[in-house]
Amino acid sequence: MEVKSITEQKSLLQTLAPGKRARLHRLLFEFGPGNGTLLFLPIDQGIEHGPRDFFPNPASKDPEYQFKLAAEAGYSAIACQIGMAEKYYPDYAGTVPLVLKVNGKTDVPPSDRALSTCNSSVEDAVRLGADAVGYTMYLGSPRQDDDLAQLRGVRQDCDRFGMPLIVWAYPRGEAIDKKGGAGSFYAIDYAARMAMEMGADVVKLNMPKINPETDKDAPAPYNEGGFSQEDAIAHCVESAGRSLVVLSGGSKVDDEQLLQQTRFVMQAGGSGVIYGRNVWQREWGEALEVIAQIKEIMLSSVSRVP
Amino acid sequence: MEVKSITEQKSLLQTLAPGKRARLHRLLFEFGPGNGTLLFLPIDQGIEHGPRDFFPNPASKDPEYQFKLAAEAGYSAIACQIGMAEKYYPDYAGTVPLVLKVNGKTDVPPSDRALSTCNSSVEDAVRLGADAVGYTMYLGSPRQDDDLAQLRGVRQDCDRFGMPLIVWAYPRGEAIDKKGGAGSFYAIDYAARMAMEMGADVVKLNMPKINPETDKDAPAPYNEGGFSQEDAIAHCVESAGRSLVVLSGGSKVDDEQLLQQTRFVMQAGGSGVIYGRNVWQREWGEALEVIAQIKEIMLSSVSRVP
Amino acid sequence: MEVKSITEQKSLLQTLAPGKRARLHRLLFEFGPGNGTLLFLPIDQGIEHGPRDFFPNPASKDPEYQFKLAAEAGYSAIACQIGMAEKYYPDYAGTVPLVLKVNGKTDVPPSDRALSTCNSSVEDAVRLGADAVGYTMYLGSPRQDDDLAQLRGVRQDCDRFGMPLIVWAYPRGEAIDKKGGAGSFYAIDYAARMAMEMGADVVKLNMPKINPETDKDAPAPYNEGGFSQEDAIAHCVESAGRSLVVLSGGSKVDDEQLLQQTRFVMQAGGSGVIYGRNVWQREWGEALEVIAQIKEIMLSSVSRVP
Amino acid sequence: MEVKSITEQKSLLQTLAPGKRARLHRLLFEFGPGNGTLLFLPIDQGIEHGPRDFFPNPASKDPEYQFKLAAEAGYSAIACQIGMAEKYYPDYAGTVPLVLKVNGKTDVPPSDRALSTCNSSVEDAVRLGADAVGYTMYLGSPRQDDDLAQLRGVRQDCDRFGMPLIVWAYPRGEAIDKKGGAGSFYAIDYAARMAMEMGADVVKLNMPKINPETDKDAPAPYNEGGFSQEDAIAHCVESAGRSLVVLSGGSKVDDEQLLQQTRFVMQAGGSGVIYGRNVWQREWGEALEVIAQIKEIMLSSVSRVP
Amino acid sequence: MEVKSITEQKSLLQTLAPGKRARLHRLLFEFGPGNGTLLFLPIDQGIEHGPRDFFPNPASKDPEYQFKLAAEAGYSAIACQIGMAEKYYPDYAGTVPLVLKVNGKTDVPPSDRALSTCNSSVEDAVRLGADAVGYTMYLGSPRQDDDLAQLRGVRQDCDRFGMPLIVWAYPRGEAIDKKGGAGSFYAIDYAARMAMEMGADVVKLNMPKINPETDKDAPAPYNEGGFSQEDAIAHCVESAGRSLVVLSGGSKVDDEQLLQQTRFVMQAGGSGVIYGRNVWQREWGEALEVIAQIKEIMLSSVSRVP
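Note that the protein sequences, when read in sequence, are chains P, W, E, S and Y.
Read in this note's numbering, the first sequence has 119 at position 119, and its numbers run on one by one without any break.
To convert a position in the second sequence, counted from 1, into this note's numbering, add 306.
To convert a position in the third sequence, counted from 1, into this note's numbering, add 612.
To convert a position in the fourth sequence, counted from 1, into this note's numbering, add 918.
To convert a position in the fifth sequence, counted from 1, into this note's numbering, add 1224.
Hints may contain errors.
Partial list, computed: chain E residues near chain W (C-beta under 10 Å) [said to hold, decoys possible]:
{"no.": "1", "residue": "Asp757"}
{"no.": "2", "residue": "Asp759"}
{"no.": "3", "residue": "Met808"}
{"no.": "4", "residue": "Gly811"}
{"no.": "5", "residue": "Ser840"}
{"no.": "6", "residue": "Gln841"}
Calculated from the structure, these hints are not laboratory results.
Where is the CB? At the ideal position from N, CA and C, for every residue including glycine.
Can you build the whole structure from these sequences, using the hints too?
If you want it as structure tokens, here you go:
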């Protein structure tokens, strides 16, 4: 599999300060697939959507399920909020790295002016032995002024503590809805660049969707059509520049689609995937199985040097 | 009485820092029922509703009434705001533990965009010798951004000072009203999980109400029906994970209902109850009587190890 | 005159920290009537209403008038804002105590969302040798979130510096207007309790007005009628618990009414009065006369021990 | 010319802290007319209105024009914002005192909710060797809450650094427009008192205008008529109490009017004038001439002692 | 070419503190044209517009393109946001100076109330070895209160660290739209003065456009017509006083226009140009060519002394 991304020309780690380098090295080479790729298990749906996501697999309601899965299936890291990091992570410290998500919000109010407030800090992450922090940035929200100011604080603390910064880069809000929607190629391409410009070490993107009908509302050249799904992913990965890219899955899709998009992101020069419901909404055995298939793709696709 | 909750598999105290452990131990084993359960007396209605709640039992207007009741009837702790903690608690220091409620608001303006501002701090609680702080979080309020930021500060101070954090987890605001209401199973189940994710050591929940008519506006699977009141309580307790759960009573109900819901929450793996008006809107003797009945249920239901 | 209030069972000073105790002792026993009661002269109308209040007695426009009156007529303290405290109080330091009002606002914009911002600090009060600070809290304003946060800061500084806190507890805003109005028994009773809960050492209340027509919009039992003016005052004083209560006069009323309400508040267990326009909108001799009558009532009614 | 103002009974300087005293002494007795009066040259129109004010006299666009004028014509001080203070004042340090205006705003958006944000600090003023700071307070603006909080910070820094505080006291906003307007006697009288109450050492007022038509919307007694222009000025000066008063000119008026209002303010016990466009919208020679006439009035009217 | 601007009477550097002087000297005399002029390459379009600007020249999407261009074509400096400064600048440190743009925003939401939030700090700039910081000020935006407060902080840090401050002075928002628009002579002239007043060392302006139709909505004398494009540029440069002026290009225009406006700004006493898309939306060879033409004009027009 040939990979031509600009991120391959030069190792990300080379330009990083020692703290970030040591911690990212752990995620890329000492845990997970181990070949310089990233496989994250997110368990922040309890705050973002509420417990309703746990009904398809009742066992998943107990956070032990995800922690055990992350540790036993060999993930690069598990990503969660402060409450679970304090009450459940202690038992798994050393067996799987921790990404502390420092902001979050419920989905009860509408998201037309979305802002995700910090409920923990980079210092909390340091105290808990985390190897990275996660921050959700809402590209294009009418409250981007507050969002970017908050992100600045997190980024500066990351620089101060040598903590890698993973930006969940989500288009959101009433303005993006009028320009093709939060899932469009335009929106996600913009989000990828924005996250890089704001100082992300790793960018988490949703899968861009090509939809000729709504893409017409996006600015040129996105409204001109002619882009395939594969093109879109490749563009988005490139827009993130030297920031590593991981792709997320969203709500549960069929297995073939999941594996196909994993291949796409790796081919485009991305660094890995972060699948939540697609993994832990399955029973234990079934979950281990699909994880093995995902890892197989990641291991066979590329190998990066530190 | 068989209890299967996930909170029973492992003692909460085991993962806590020494300060939190010492203080919670006092609430769970040295005061109140003493068998690892929690019986709280709240007296914050004077700020949340005004003096109107004291008319049914005029004696209750003098804060001495509640302090004396908490001390003599053997409560785990009394929960109140800063003014009463400074002016009345000194006489009771040592005889009953104090939970300092650090935020509050009046009910004069409508609560469609509710936010409960901090009027005291964790440091105030430390200075006053409190054994825990209480924080009211309004799940799903349009002002959740301010709420969660404020809660972060309180939680971090709790971590810094080793002070247990009790979260009054109340769904509130115009958005939850459109999704089945603040008292629905959906809303309270979400609140329970949210409080745990935000770092609560103890979660205070209102009794979830099953109402087929309004539950239809909630997201799946809550809108599908088929849940009993008992189911709902069990789910909510489980959603709080390793955070202990105490159930509140709200406005005065009949005694049988009060005792029945006490049984439900203990059966579900909850840790106790926090009844205010249901207790102190009675004359002294009558109050002592109902407290004895509640304690009897708590003592006979479970026994937890530190 | 028999007084049964709960505040009489126990001296307020007993539970106070040394700084507060020393300063309140000065106000209660070394200045003013000197028998444990409080007689304040407020001169904050120039900011709250503008100079229009000075036209009835042109001499009152010069702040010297009020300072001289407070000193010569023997007040417990004079209450004013920072500008006058800095420019006029130096000449009177030692002859009459100072209460620094730390917040205020003009009445130019409507008060449907009233908030009174701090224009000075507790530290300013310490620097100027004040014996207490005054804070205006707007009970039930839609901006109570900002108000209570601001009050927290003032209260904490008071605790830090041992400075007594006097809360001007005023119902205000569009929400209270819909529930019977800012002057109703319901509103003022709530304000009294709220101020105590927020940590006031002294609460300043407006005279509650019984108005069957508008009281119908208040919550039960206030909407049920049957309360006399005297009842209302007694209830409000009691709602403030161990916080001392002083009653204010508002715009100028006739002398008999003024003296009658003075008697009512003292009988109810209140600690004194704070009359501004009712006093200094009179010429010098006439002002001294009415002050003498007020003091006579205060001296003959009660005597409190430190 | 007889002057009876309350400010004459006692020197302002007597109650001031040493730093304020030393700096105000410089403005009152060492520069400008030198007889205890104040003659200020303001050059903040470039920010408040934009360069349009410079077209009538193109030379005035170069800030050198105003600095040279202030130095050569012998002003008490020149008042400007941070940019000019940093880039032009260094050449004039020692030849004319500096008043640093610490806040300002453009007039592009409507001023119905006006707020003038600080763009520099008292510490900047200290660093630049200024002898006073200027602050624009918008009396009665719906954003008075933010305004007064900001002013508190400036006032406290002035107290800390011994820096005299000059308050530009301007009625402004939609609420004052409904009560007779920003230029009315009512509005300016209120502004004068407010500035004094907020701790101003010097108050800058616009000339109050008597307008029977619009004055009817003001509160009593302002709506009752019977006040002359001279009365209004005298009242406003008196409302400022011990704060010194300087009168401004606004947009260019005819010379006789300018000199007449100068006489009025001095007669009323005011301390001087601050004319901008009325002076520097003239060519050099003509400007010197009118300044000489103004100074003549100031010198002949009064003499104040330090 | 004769230049009469006020900025020529005196070198800017003479009044600057040592840190600013050393850094600006580097930009003016050690890099770029080297004759006291400024040639900047901006690459902030990825955040301000998104990746859509990179489609005309796909190579430009990789930030390496702009960094290499700036270094090899001999620019005074490259201007970018924190993300690129951290991930790409290290390889070019020493070969081309860095201007760190400290604020920015996406163009997804409408800009009627535009505010550009800081995503990095002057301290970040110091840490990265930058020689200046860039700040985007939105003249006349309804949120100018927040904007100017934020700018104050940046300006003060610049003074503290001796870091030159470049203000991107852009009229913006619903109010300026009603007064002739963001590109009008009135608006840009005001922006130039405002930036100088706020403490800019260098002001970046868009080319003012003369449009008789919309200029009628501007205040006098801008609405009176009779100004040529050349006049307008000259006025704007002069309004910036001793702050150096660089002109930007906006979206791609034809080459002759680009060179003509370069001549205009240099003739008017401006200090240089900052062209982004007009340069890097060309292939490598073509880009170098147009840069050479621009530099030729800058070198032949003026020569400034330090």
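Hint-by-hint comparison with the structure:
1. Taken as an interface hint, E:Asp757 checks out: its beta carbon lies about 4 Å from the nearest beta carbon of chain W, inside 10 Å.
2. This hint holds: E:Asp759 has a C-beta 8 Å from the nearest C-beta of chain W, less than the 10 Å allowed.
3. Checking E:Met808 against chain W by beta carbon gives a least distance of about 5 Å; that is within 10 Å, so the hint holds.
4. A cut of 10 Å between beta carbons decides the hint on E:Gly811: the least distance to chain W is about 5 Å, and the hint holds.
5. At a threshold of 10 Å, the smallest CB-CB gap from E:Ser840 to chain W is about 16 Å, leaving the interface hint violated.
6. A hinted interface residue such as E:Gln841 counts as satisfied when its beta carbon comes closer than 10 Å to some beta carbon of chain W; here the least separation is about 17 Å, so the hint is violated.
Violated hints, listed in ascending order, are 5 and 6; each of the other numbered hints is respected by the structure.
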